[in-house]
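Peer 1: Produce the complete structure using the sequences and hints provided.
Number of protein chains: 2
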Amino acid sequence: MIQITSPFWKRYQDLVKKEMLPYQWKVLNDAIQIRIEKERDDDEIPNEKSHAIENFRIAAGESSGEHYGWVFQDSDVYKWLEAAAYALRRDPDEELKKTADSVVDLIAKAQEPDGYIGTYFTIMEPDRKFKRLSESHELYCAGHLMEACVAYYEAVKSRKALQIAEKLAGCIDGHFGPEEGKIHGADGHEEVEIGLMRLYHLTGEEKYEKLAQYFLSIRGTDPDFLKKQNEMDGKPPLIKGVKSAPPAYFQMHLPVSKQDTAEGHAVRVVYLFTALADLAASTGDRELSDACRRLWRNITDKRMYITGGIGSTVRGEAFTLDYDLPNDTMYCETCASVGLIFLARQMLRIEPDGEYADVMERALYNTALAGMALDGKHFFYVNPLEAVPEKSRKDPGKSHVKCVRPQWLGCACCPPNLARLLMSLEDYIYTVKDSVILANLFIRSELTLEAEGGRIEIRQETEYPKEGEVRFHINNQSEHPVTLGIRVPGWTEGQGVSLSSQGDEVLDSRREKGYWYVQAGKGETDVTLKLKMEPKRWHANPLVSSDINKTALSMGPFVYCLEEADNGKDLHCLVLPKDAELRYEWKEELLCGVGTIQADGLRLMPSDPHGGLYCGKETGKPVPQKLSFIPYYAWANRGENEMRVWIHET
Amino acid sequence: MIQITSPFWKRYQDLVKKEMLPYQWKVLNDAIQIRIEKERDDDEIPNEKSHAIENFRIAAGESSGEHYGWVFQDSDVYKWLEAAAYALRRDPDEELKKTADSVVDLIAKAQEPDGYIGTYFTIMEPDRKFKRLSESHELYCAGHLMEACVAYYEAVKSRKALQIAEKLAGCIDGHFGPEEGKIHGADGHEEVEIGLMRLYHLTGEEKYEKLAQYFLSIRGTDPDFLKKQNEMDGKPPLIKGVKSAPPAYFQMHLPVSKQDTAEGHAVRVVYLFTALADLAASTGDRELSDACRRLWRNITDKRMYITGGIGSTVRGEAFTLDYDLPNDTMYCETCASVGLIFLARQMLRIEPDGEYADVMERALYNTALAGMALDGKHFFYVNPLEAVPEKSRKDPGKSHVKCVRPQWLGCACCPPNLARLLMSLEDYIYTVKDSVILANLFIRSELTLEAEGGRIEIRQETEYPKEGEVRFHINNQSEHPVTLGIRVPGWTEGQGVSLSSQGDEVLDSRREKGYWYVQAGKGETDVTLKLKMEPKRWHANPLVSSDINKTALSMGPFVYCLEEADNGKDLHCLVLPKDAELRYEWKEELLCGVGTIQADGLRLMPSDPHGGLYCGKETGKPVPQKLSFIPYYAWANRGENEMRVWIHET
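Quick note, the sequences are listed as chains A and B, same order.
Residue numbers 1 to 650, in our numbering, belong to the letters of the first sequence in order.
Residue numbers 1 to 650, in our numbering, belong to the letters of the second sequence in order.
Think of the hints as simulated: they come from the structure by calculation, not from any bench.
Virtual Cβ for every residue (Gly too), placed ideally from N, Cα, C.
Among the clues, some could well be false.
Computed Cβ-Cβ distance ranges for the label pairs, DEER-style [claimed, not checked]:
1) K240/B / D101/A: 40 to 50 Å
2) H610/B / Q163/A: 32 to 42 Å
3) R128/A / S607/B: 47 to 57 Å
4) K532/A / H610/B: 38 to 48 Å
5) D14/B / D608/A: 39 to 49 Å
6) P237/A / Y584/B: 53 to 63 Å
7) T650/B / P609/A: 17 to 27 Å
Residues from chain A that face chain B, not an exhaustive set, calculated with beta carbons under 8 Å [said to hold, decoys possible]:
8) M304
9) P481
10) E524
11) Y614
Peer 2: Written out as structure tokens, the structure reads:
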């Protein structure tokens, strides 16, 4: 049991509870007039309504008509249910529970006798079930449903929800596996593996772990599996364009344990490895954990933005190659960073290494939070590090880079994904393994663990991310001493960090791989971590061509950006001199309260305003300009305007 | 009559004559085994063979089968014929003439009784003629055929060729025009306007000028003309994807004279304005010439690469917005720069302004020449300013950026376009208007003009572009004095330029808008222009975000680049210090002879080779490295390797 009391995060969780969930519920029911935007300039994206609940009603026989929307539209409902489950775990709420129960009832009614659920196929093409896994997202949706059912069972002990999930898992087990007559392949979009592992953790039934393991081991053994299935199917595609995607798009180019680089669709990659890391942590399988570690290294050492965004290209929403991190054409899907947080959490179950928590924090405080507006009712799919509204409008290659969060998206995977992450943030603060408790995130909260002989309570008191002092009050009433591993964030490198206990500096404590370990025997122990919080400059590896001779700023876990609202247009003309002082300034009234960074910078003005493009002389005249940076997550909350993370440095 | 004797250009013209024309002839006849590459990752591009001549044979009834290739495949044949015509104008060649005559015969046979020519429609869909102008390219092909026929008539006095063109023009006149019952609109791809103007210049028949003018004036008066035509047609598109293009893609968003910015498909824009400028120069219409000037200003002040490339995005092969000039995702199609040269030539007919010749020279010596390999048998469609082979392979957003010139292209518009430009370079050296002769390009050559009372001969003696001295020997045997306008290139700004006559510096000569005017009375006059040739640094307007804090080098008309072959990988890590001396060095054995620029530069090495992506300290350690630049046009002639024009400067 853990309760978040942090004002920063309580605001977000309340927002999800009070705004996002009711809002999203209305959207799923087409009960609100909103403008649904396409993620990119693509004819195929359905963009008039959600219709997600109505699809279920039709499949359940309660309504009539055709399926509308993406073939994976069901998953929007599942992710909403999962988020609602976490909200109910946090605070009982009769009305929300009634709505959630009605969703569970509706899903149960739409479930076919053999356990199959998938409104598109039930309504439109029952004969094509599991026959076109490259596009069908059937197991992807199934995985989300399992996650939702597990969460809902855990929150309100809904047997009905658990039965839906188990029946569905049984149906899938009947169709997939090494046995003859079954399908020897996996879904084009990973997720069912995560759902099955959660079902396994809840029920202890090994068949679910075994099925997850089957999907993870069969993947990529036949790179042409999906292509062959498409040929067998022979019918028109369910989603255009996917057909010609190479096996790597689906992470099917190699067996999973041989995949040393992150290839293809970014969300799929992190979902795949989240499940693999879960399996590796659960089984202790060394080969699997090594594979996870290799992939992790590739992503975080070579293919991740400073904001924790991943996916360097819109084409296939995909990874590209090492050090290829363009700031203005990237994808950095909200879901991909949410998935990276999932992966980091599982990596921490494999081994205690603060780097996993560093990335978790980076993705959480930056790209994930940027995925929604401060009002909780507008959402980004794509999270650029550089945005110029006119370029988004006039350069078709940047049509996916929105400069204002839309009210809803034609492909609405991100908003409910964010809702479920934020509502379950409690699960990310600590990693508990045997007698070791890792404190990964600094969030004011109260943890209670039942242990042999009595409770262990850990109270975190901190104003983090606003301030850098974190006080841990441990009350250990159990039989055994516990070890608390307190994370020393990677971003503190070169800055002051100290650990004190009962007022005295702790000198003999073990500090290893990003954690400071403190023993807490029976009774009360107080430990205080002090992180020096100050604005900091970052530089990218020079192999990243987009960031060369540029700097990005941070303060604590937040990456900063320049916005046109504070600094005028043409942000690329702004320069931060190497020796400019960075002044931190809290602004309570700005953007729900943010810490800004102020600096004396320069603006390169065209030397000759009527001049042409190219000149044999210097073309930019530096003129002093005050620069004002805000945290990246808060951008685009003041209307359409330019934004930039990496700025020129001289 | 003008004869080029420049060794630099003679090599190119001989290459076109001896290599390109025979090679392209074989390709058009599918008589050579080559690998045809797609310009980009697009299923729709036909890429197995050309079939262009076979299409004509089928249309002519000499063969049977279906049309293959693009709907505009015919234009490849026309451009080949046009280039062959210029080759024959330069040097008689019985065998080439025989081949060219056979092409003319074949085209005549494929021409329908009413004058219509278009093998796709003749063979496949005769009922759809002129019914889907957004995609059909029927008038585009017609324009190319007219150009070819005019050139062929001018070269060998082929009446048959001229008859084909006139009959075709008559057919078009019968279908298009303001009269009731005719089509009130223009082709989706401009070109017929150019062809009609040439036919008018040759024959003096005003009906051709009138028809060109009709197409230029009807364009954009109804932005939905093509959309409505598509709807009327109702059949599947001839080219996928074009249907959803906005009117601006076709320059139909506004009446042409109201188009102040270059919008849409870059080749179409410059073809359109080439015809408009031709009409403006021919009629003296002020409104039209003002429109041309406005568009010219927009392109050259805000939307043109330093290499004379145009078209900032692959999506629609199009212009985007002012100052948006990305170096690695641009299009810069060879044809677009060829078209820009056409436009510059017509602008010079409107008014003597050296700027037009500057751009002509920039596009010619850089992007146009880069469009072909030094062997004359490999061609670029896209001409990047920054290329990294691995990015082209792994980032689908850069799949159009080839790092080695393919042997042929699925859409083969560029190679024959280049052939016809290079073979008619004679026509670009001078602009003759009344008694003023503008010397636009410095190319060793001999001009002979027939004038009242006798000949005017101008002999240019120069090693340009290798050296900067240009000697003009004028022998005026006519009745009247002539004025020779000698261009003072824009790139000489800040460098020494002098003009001398018979050894004495010319002091009283008028210098205006980029030309130095010299009077030449009866008899012989010698004038020598001396341009100081030295390596030069260029900077872009700071509003161009891609080029900020970077420099590009030039020497004479050549823009330079760094290539991996000389400088190693990761060219973005190379830095040219502001104070580094630039040393010019001629290398006879390199790349058919090039002048290189050498400098003491730096390479930013990752400070920690095992480090991750982001660091709170400096990440790049500058290490001295010799930099060696080559002229841009010569890149990618030493296998697949990186290339970069704009490099970091400190």
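Peer 1: None of the hints should be skipped; say for each whether it holds.
Peer 2: Going through the hints against the structure:
A hinted range of 40 to 50 Å holds for the C-beta pair K240/B and D101/A, which are about 48 Å apart. Checked against the given bound of 32 to 42 Å, the beta carbons of H610/B and Q163/A, roughly 51 Å apart, lie outside it. The hinted window of 47 to 57 Å between R128/A and S607/B holds, with their beta carbons roughly 55 Å apart. About 26 Å separates the C-beta atoms of K532/A and H610/B, a value inconsistent with the hinted range of 38 to 48 Å.
Evaluation of the 39 to 49 Å hint for D14/B and D608/A yields a pass: the beta carbon distance comes to about 43 Å. In this structure, P237/A and Y584/B meet the distance hint of 53 to 63 Å, their C-beta atoms being roughly 58 Å apart. As the Cβ distance of T650/B to P609/A is approximately 26 Å, the hint placing it in 17 to 27 Å holds. With its C-beta approaching chain B no nearer than about 6 Å, M304/A sits inside the 8 Å limit, and its interface hint holds.
Checking P481/A against chain B: minimum C-beta separation of about 35 Å lies over 8 Å; hint violated. The interface hint given for E524/A is broken, as the beta carbon of that residue sits about 36 Å from the closest beta carbon of chain B, more than 8 Å. At a threshold of 8 Å, the smallest CB-CB gap from Y614/A to chain B is about 5 Å, leaving the interface hint in force.
Checked against the numbered hints listed earlier, the structure breaks hints 2, 4, 9 and 10; every other hint is satisfied.
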